[in-house]
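The listed protein sequences derive, respectively, from chains A and B. Everything in the first sequence is counted per our numbering, starting at 1 for the first residue and increasing by one. Everything in the second sequence is counted per our numbering, starting at 1 for the first residue and increasing by one.
By construction, these hints were calculated from the structure, which means they are not laboratory data. Please note: incorrect hints may appear among the correct ones.
Some chain A residues near chain B, calculated using beta-carbon distances under 7 Å [as the list claims (entries may be wrong)]:
id: 1; residue: F257
id: 2; residue: Q280
id: 3; residue: E317
id: 4; residue: A321
id: 5; residue: G324
id: 6; residue: A326
id: 7; residue: G328
id: 8; residue: A329
id: 9; residue: F468
id: 10; residue: Y471
id: 11; residue: T487
id: 12; residue: G496
Quick reminder that beta carbons are idealized off the backbone N, C-alpha and C, glycines included.
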Amino acid sequence: MTSQVHDPIATDVAPIDGLSTPLPGHGPGKRVKQLDRVVIRFAGDSGDGMQLTGDRFTTETAGFGNDLSTLPNFPAEIRAPAGTLPGVSSFQLHFADHDILTPGDAPHVLVAMNPAALKANLGDVPRGAEVIVNTDEFTKRALAKVGYGADPLEDGSLSAYAVHRVPLTTLTVEALKDSGLARKDAERAKNMFALGLLSWMYHRPTEGTESFLRTKFAKKPDIAEANITAFKAGWNYGETTEDFAVSYQVAPATAAFPPGRYRNISGNLALSYGLIAASQRSGLPLFLGSYPITPASDILHELSKHKNFGVRTFQAEDEIAGIGAALGAAFGGALGVTTTSGPGVALKSETIGLAVSLELPLLVVDIQRGGPSTGLPTKTEQADLLQAMYGRNGEAPVPIVAPATAAECFTAALEAARIALTYRTPVFLLSDGYLANGSEPWRIPEPDELPDLHTPFATAPNRPDGSFWPYLRDPQTLARPWAVPGTPGLEHRIGGIEKQDGSGNISYDPANHDHMVRTRQAKIDGITVPDLEVDDPSGGARLLVLGWGSTYGPIAAGVRRVRAAGGRVAQAHLRHLNPFPANLDRVLRSYDRVLVPEMNLGQLAHLVRARYLVDATSFTQVTGLPFKAEQLADAITAQLETAHV
Amino acid sequence: MSETNGHSGHNGSGTFASLTLVPKATATQSMKDFKSDQEVRWCPGCGDYAILAAVQSFLPELGLARENICFISGIGCSSRFPYYLNTYGMHSIHGRAPAIATGLATSRRDLSVWVVTGDGDGLSIGGNHLIHALRRNVNLKILLFNNRIYGLTKGQYSPTSEVGKITKSTPMGSLDAPFNPLSLALGAEATFVARTIDSDRKHLQSVLRAAAEHQGTALVEIYQNCNIFNDGAFDALKDPGTREQALIRLEHGRPVRFGPDGAQGVFRDPETGELAVATVTERNEARILVHDAHAASPATAFALTRLADPDTLHHTPVGVLRSVRRPVYDTLMGEQLDTAVAQRGPGNLATLLTGSDTWTVD
Numbered sequence: 001m002t003s004q005v006h007d008p009i010a011t012d013v014a015p016i017d018g019l020s021t022p023l024p025g026h027g028p029g030k031r032v033k034q035l036d037r038v039v040i041r042f043a044g045d046s047g048d049g050m051q052l053t054g055d056r057f058t059t060e061t062a063g064f065g066n067d068l069s070t071l072p073n074f075p076a077e078i079r080a081p082a083g084t085l086p087g088v089s090s091f092q093l094h095f096a097d098h099d100i101l102t103p104g105d106a107p108h109v110l111v112a113m114n115p116a117a118l119k120a121n122l123g124d125v126p127r128g129a130e131v132i133v134n135t136d137e138f139t140k141r142a143l144a145k146v147g148y149g150a151d152p153l154e155d156g157s158l159s160a161y162a163v164h165r166v167p168l169t170t171l172t173v174e175a176l177k178d179s180g181l182a183r184k185d186a187e188r189a190k191n192m193f194a195l196g197l198l199s200w201m202y203h204r205p206t207e208g209t210e211s212f213l214r215t216k217f218a219k220k221p222d223i224a225e226a227n228i229t230a231f232k233a234g235w236n237y238g239e240t241t242e243d244f245a246v247s248y249q250v251a252p253a254t255a256a257f258p259p260g261r262y263r264n265i266s267g268n269l270a271l272s273y274g275l276i277a278a279s280q281r282s283g284l285p286l287f288l289g290s291y292p293i294t295p296a297s298d299i300l301h302e303l304s305k306h307k308n309f310g311v312r313t314f315q316a317e318d319e320i321a322g323i324g325a326a327l328g329a330a331f332g333g334a335l336g337v338t339t340t341s342g343p344g345v346a347l348k349s350e351t352i353g354l355a356v357s358l359e360l361p362l363l364v365v366d367i368q369r370g371g372p373s374t375g376l377p378t379k380t381e382q383a384d385l386l387q388a389m390y391g392r393n394g395e396a397p398v399p400i401v402a403p404a405t406a407a408e409c410f411t412a413a414l415e416a417a418r419i420a421l422t423y424r425t426p427v428f429l430l431s432d433g434y435l436a437n438g439s440e441p442w443r444i445p446e447p448d449e450l451p452d453l454h455t456p457f458a459t460a461p462n463r464p465d466g467s468f469w470p471y472l473r474d475p476q477t478l479a480r481p482w483a484v485p486g487t488p489g490l491e492h493r494i495g496g497i498e499k500q501d502g503s504g505n506i507s508y509d510p511a512n513h514d515h516m517v518r519t520r521q522a523k524i525d526g527i528t529v530p531d532l533e534v535d536d537p538s539g540g541a542r543l544l545v546l547g548w549g550s551t552y553g554p555i556a557a558g559v560r561r562v563r564a565a566g567g568r569v570a571q572a573h574l575r576h577l578n579p580f581p582a583n584l585d586r587v588l589r590s591y592d593r594v595l596v597p598e599m600n601l602g603q604l605a606h607l608v609r610a611r612y613l614v615d616a617t618s619f620t621q622v623t624g625l626p627f628k629a630e631q632l633a634d635a636i637t638a639q640l641e642t643a644h645v
Numbered sequence: 001m002s003e004t005n006g007h008s009g010h011n012g013s014g015t016f017a018s019l020t021l022v023p024k025a026t027a028t029q030s031m032k033d034f035k036s037d038q039e040v041r042w043c044p045g046c047g048d049y050a051i052l053a054a055v056q057s058f059l060p061e062l063g064l065a066r067e068n069i070c071f072i073s074g075i076g077c078s079s080r081f082p083y084y085l086n087t088y089g090m091h092s093i094h095g096r097a098p099a100i101a102t103g104l105a106t107s108r109r110d111l112s113v114w115v116v117t118g119d120g121d122g123l124s125i126g127g128n129h130l131i132h133a134l135r136r137n138v139n140l141k142i143l144l145f146n147n148r149i150y151g152l153t154k155g156q157y158s159p160t161s162e163v164g165k166i167t168k169s170t171p172m173g174s175l176d177a178p179f180n181p182l183s184l185a186l187g188a189e190a191t192f193v194a195r196t197i198d199s200d201r202k203h204l205q206s207v208l209r210a211a212a213e214h215q216g217t218a219l220v221e222i223y224q225n226c227n228i229f230n231d232g233a234f235d236a237l238k239d240p241g242t243r244e245q246a247l248i249r250l251e252h253g254r255p256v257r258f259g260p261d262g263a264q265g266v267f268r269d270p271e272t273g274e275l276a277v278a279t280v281t282e283r284n285e286a287r288i289l290v291h292d293a294h295a296a297s298p299a300t301a302f303a304l305t306r307l308a309d310p311d312t313l314h315h316t317p318v319g320v321l322r323s324v325r326r327p328v329y330d331t332l333m334g335e336q337l338d339t340a341v342a343q344r345g346p347g348n349l350a351t352l353l354t355g356s357d358t359w360t361v362d
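Use the sequences and the hints to build the structure in full.
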């Protein structure tokens, strides 16, 4: 079977057919097809190792030089009951020979390790796509467990797909019969068999996976060898069996990338590195106060590995203590950071308000997930915008920075630190589950390309009489001096009670309170942020699509499709949500219509309408999954049609 | 209020083992060096005044650079304390002072960090932070002003109020059993637990001294009179007519005796292991409990915290109940950082960002 379908709209570059010469490592009688892009989804039970399989395929693909984008999707339960629909875990990877923006709307290849994985994912798979199933798991009992009355491999219901029936478990066990492993242990290597088969199908390099397995199982060399054997057996299976007559090549995306050194990076890793970089570039020790919460915990894990950078990680007793400790460290002159998700932000609100009142630098990183309450811990959403904007008592403005892509989480951390340190304020960094766990290629910056974040502490009295006033502000930034304990002569007390501007002494004076509320607001409103860039190649668009956060990829992909079909549409993406870029007002007024796609019920649209009196149209989805490019293309097209613009 | 201690000036010993990383004062300090220019705004007659004066006159004794001393408080009458001390200070939010101080102390081992809290702030809204600070053994000195009432919110019962307390929020009497703060602290693995009384400056300062010397978290419960909403709560321990019968002054290594001429003693029941008070006789004198603040097991210290009658306060032990050595959290954290540098060298940002799997686009 040779089907490798392409969604015709999605294909930015026409697929190159032909090129049927066998390649080294791919035996005679096998054809090789050249593709411009592929979307693969690995799906199996939570315990089947699908995330690891996907990660490895991603790493091989990144190293090969394709552009890529990933979408891990897993249940909140660690091990949901085996073989059930809620227990299905999947990993989707989109890779291409050109630059791509999303993990792909629909997979070209689905690897289904059991009936549950098939049933849960088939709806997303277009007809004509390839489906590789592990036939060993299609037992009567397993089929009944997910409500299959008849075996879909036998009843003709998959006739629209190119189905590869592979007894993955049997083949894996057979390959490992001399390994000395018990059957149960041998079976566990079946994900590596699948990875080997897919690596053959797509000409992925294999050395990386072998050395990865040797490192991962360094203390269990027999397990390492078994996994490598299974991986190679999967490769050889593709090479020898007639079921797989064609393999595919996706050339490196050479033209998509500016020159430089690249690596693959996930949002949470990029964010962790951004925090360490901010510490290094500011010369301030990093202190993370955090309480474990999905999908933010990986930042705590990552930072705890880098103590040789002077990074202190404190796993607190609760969310409140996490931010409290970070604020205490900031008082002492550290770069204080707390990481959490929406429910944690709710608990931290009072301390964020204290930081606003103390006017100390502090980073509050919110990896948003589905809400309200516990909501969807492992799924993405961007419904904390208004919480970040307004979720405190009193007038307590807090700047908000939001990365648009996984790799951009790095620069967002530096930018959040710049604002916090320059203006002595807590800053929200809003990422989300999709950015956190998804990955993409990243051009590795040189440290000296990064912004210099050095911020001088106050070292001397600032009053003519030789005294020190903790709230005597910089006239430009309105920032107050940051005088850290240990500095002689600058002893002072700060607190959450309203204080006299300048002296910082407790003050209940009505006029002073009015002045302080307005001053704190003016300080945040006056933060310098880059102007909003608008992408409108036609120059004549009358519809603007405005987004923020992780919707960047799907919006840009949707805009591309519309433009490819001749539609004229402008795109702009906000990285700063408080304050908004100074030119946003002018940008909004330059278009007849503004469409705001969001993974919430219209929070940015609400802010834009209130602030700029612009009749923005909201387009929303709260499924816990990112938008698909096609959806957004349709929404944009609908706007263009109804408006006749 | 006497200020004799303060006026005398103090070079300070500067030798406290817990504070070796804290810079020493270069000049002689006195009580007035530690007074801020802010007007003290507690109610006239409040026990907080006596505690403030005791602390201000005690601090010179530490011999530390004043700028390296920090007081962190939460919310409540007692939490105004930092405003009146000319050190670095933060008046934070309700109950969170131990968490904030933990971040400060763990990131700045050159500071002497003190927490001021109350029975509502520390045991009710902030109870979680208090117990976790104690178990971690961060280098913090926590002063818990216990007046057994909510003062700043004008007179509701607190988690240390006696059962049946008639207050504005409990007109028919409070229903919930109170915490015994020292029992709680011992249960939370505290390494230093002490109690003292606002009006006894000498004893208060001796306890502060011991707390300052302790390496790790020290909890000092200070019985403090709220003369507006719970006046006389500790009179039994203060009135000359009753205090000798009521107060048990603990001293490490000394038999636990009290009352006129030490006529009363604390004994361990050989059957149950529990502690009880009895009149000292020639026959039982050898069996009087000898106070061991450094005992590895907290069992006897716990039994001492249960000795007092919760209603009359008779047989209330004061002094250092427990003071043991255990690794200090911030020291351990600092050592992990040092170890990481020793093993891997100081972090190199370029190397970190590059990682192991890269490719180059020309």
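**OP:** Quick one: which hint numbers does this structure break? Sort them smallest to largest.
**Re:** Structure breaks hints 9, 10.
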